[in-house]
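Protein chains in written order, with our numbering: chain C, 1 to 153; chain S, 1 to 310.
Bear in mind the hints are in silico, worked out from the structure with no lab data behind them.
Be aware that a few hints might be false.
[As the list claims (entries may be wrong)] Part of the chain S face toward chain C, derived, beta carbon under 8 Å:
(1) Thr-37
(2) Leu-211
(3) Arg-215
(4) Gly-284
(5) Asp-285
C-beta atoms are modelled at their ideal positions from N, C-alpha and C, and glycine is treated no differently.
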Amino acid sequence: MKKILLAALMATLSACGTVQQPVNTNSASTSPMKFPCLSYSLSCGEIPVRKLVNKQLSGELSGNSEEGRNIAFTKTRGNCLACHRMKGGTQPGSRGPDLTSYGNLGRSDAETYALVYDMRWRSPDTLMPPMGTNEILTEQEIRDVVAFLQSSK
Amino acid sequence: MLSLSSSLRNRGRIMKILTLIAVTALHAISYPALAETDFNTHPRFDIDPKLGVAGDFSGTYKYWKDTQAIEQFASIQTNSDNEWKMNGKNMDIVEDDFHPGHLAVDEGEKLVNLWEHREAGFKSCLGAGTTTLEGIAANYPMYDAKLGKVLTLEARIEHCAKKVLWQNFKQGSPVNASIALYLKSLSDGLPIQVDVDSGPMKEAYLRGETLFYKRIGQLNFACASCHTPGSIMGNRLRGEVPSTPFGDVSHYPTYRSPVGEVEVLHKRFMRCLKQMRAKPLKPGDPAYVDLEVFYTSMSNGYPIKAPSIR
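Turn these sequences into a full structure, and let the hints guide you.
Shown next, in the form of structure tokens:
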């Protein structure tokens with residue numbers, strides 16, 4: 001009996017372990033309190049917009065384009081489709097540039113990575129959310145999105 | 001000799017300074033926007049509060065300015081890329097026969113009469129002195145000198161419930177929304193008339209305008225990111241096309257068919273903020289009051305539509 005209990009306990013513990021592991025898969029759960037808000041009394045009312053980051057790509061891109069497409073199309077993740085036409089995407093937005101054949105433009109991985117990370121260093125008044133600076137996507141997720149863009153031909 | 005070398009040294013210094021100035025100037029020329037950009041705000045658009053709804057900056061006012069225009073254009077703006085130009089006002093004539101918004105009006109009327117019967121004085125508090133409630137909603141938000149603050153219609157209801165009835169009709173609650181919609185229906189068809197020329201109302205307007213352009217939330221959007229010319233307004237944002245903020249206030253509180261409830265303006269603000277991944281504030285928050293004053297001035301002169309459905 002004790003053995004069974006112990007086994008059950010071990011199973012529960014290891015299950016807990018696996019549940020807690022994935023930390024940086026999706027940043028969409030980041031607390032809104034970490035960003036500016038309209039309030040006159042809450043602390044978020046005093047937070048300034050995050051400073052722009054001109055992020056350099058270090059090492060090889062090593063992005064997964066399949067995963068990148070998944071990120072780009074999912075509303076709770078990158079949601080690039082909200083504003084851009086993208087290869088294979090349905091119901092796209094129309095405000096941003098058409099990205100369906102981005103891979104033909106000949107832009108480097110490094111430039112693309114830096115622009116997705118924070119578009120403001122190129123266009124200060126841009127409407128595009130700074131995906132990296134504001135932790136909307138993780139660095140690996142941005143690598144995946146860049147891989148998807150470069151594979152869009 | 002000594003004076004010559006010193007003047008040469010000076011010339012060298014001057015050249016150095018000139019080069020420095022030139023380089024700085026070049027730098028500023030190559031990154032002009034970056035140097036000038038305030039990342040905390042969306043670029044401002046000139047809005048003249050005196051023009052009210054006619055100051056609409058989207059170029060769509062002509063399609064929804066009155067019933068005649070709505071009837072004329074509703075049939076030709078049906079394709080999904082042009083629908084936004086009707087600013088939703090076609091719903092006011094097409095879907096108006098019967099919807100649950102009418103039930104909420106009846107509910108609100110019952111509540112007001114019931115509570116007036118229990119505690120005489122509720123109506124005159126709602127009317128700020130008069131018991132004639134027809135037409136009062138067209139002048140909200142307003143500055144109440146006795147209370148020393150700007151009140152929205154929902155704030156007035158909450159205040160009177162507390163003061164006269166000892167009840168908590170919290171803003172955003174169904175009871176408060178029903179009464180607000182009932183009062184608004186008593187001003188149906190009347191043009192919104194809110195004075196933001198001077199005093200506390202002007203101050204609220206200016207604060208509200210600033211909030212409209214403030215970049216907030218994880219997505220770094222301002223209200224203006226979706227509702228000014230050159231922004232996402234008029235463009236597809238996946239399944240939707242954001243429209244002009246002018247004329248919007250006139251049909252609130254509105255029965256929202258996708259949500260299945262009467263939605264007050266502050267609840268609509270909450271929904272926007274959640275979509276922007278910003279901290280949503282509660283109905284009645286002072287920031288919402290300022291934003292409502294700003295928004296209402298953009299509906300000045302436009303007739304109230306209550307009840308309505310969206």
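Against the structure, the hints:
1. At its closest, the beta carbon of Thr-37(S) sits 4 Å from a beta carbon of chain C; the interface hint therefore holds under the 8 Å criterion.
2. Interface hint status for Leu-211(S): upheld, as the beta-carbon distance to the closest one in chain C is roughly 5 Å, under 8 Å.
3. The beta carbon of Arg-215(S) comes within 5 Å of a beta carbon in chain C, closer than 8 Å, and the hint placing it at the interface holds.
4. Nearest Cβ of chain C to the Cβ of Gly-284(S): about 13 Å, over the 8 Å cut. The hint is violated.
5. With its C-beta approaching chain C no nearer than about 7 Å, Asp-285(S) sits inside the 8 Å limit, and its interface hint holds.
When the structure is compared with the earlier hints, a violation turns up for hint 4 alone.
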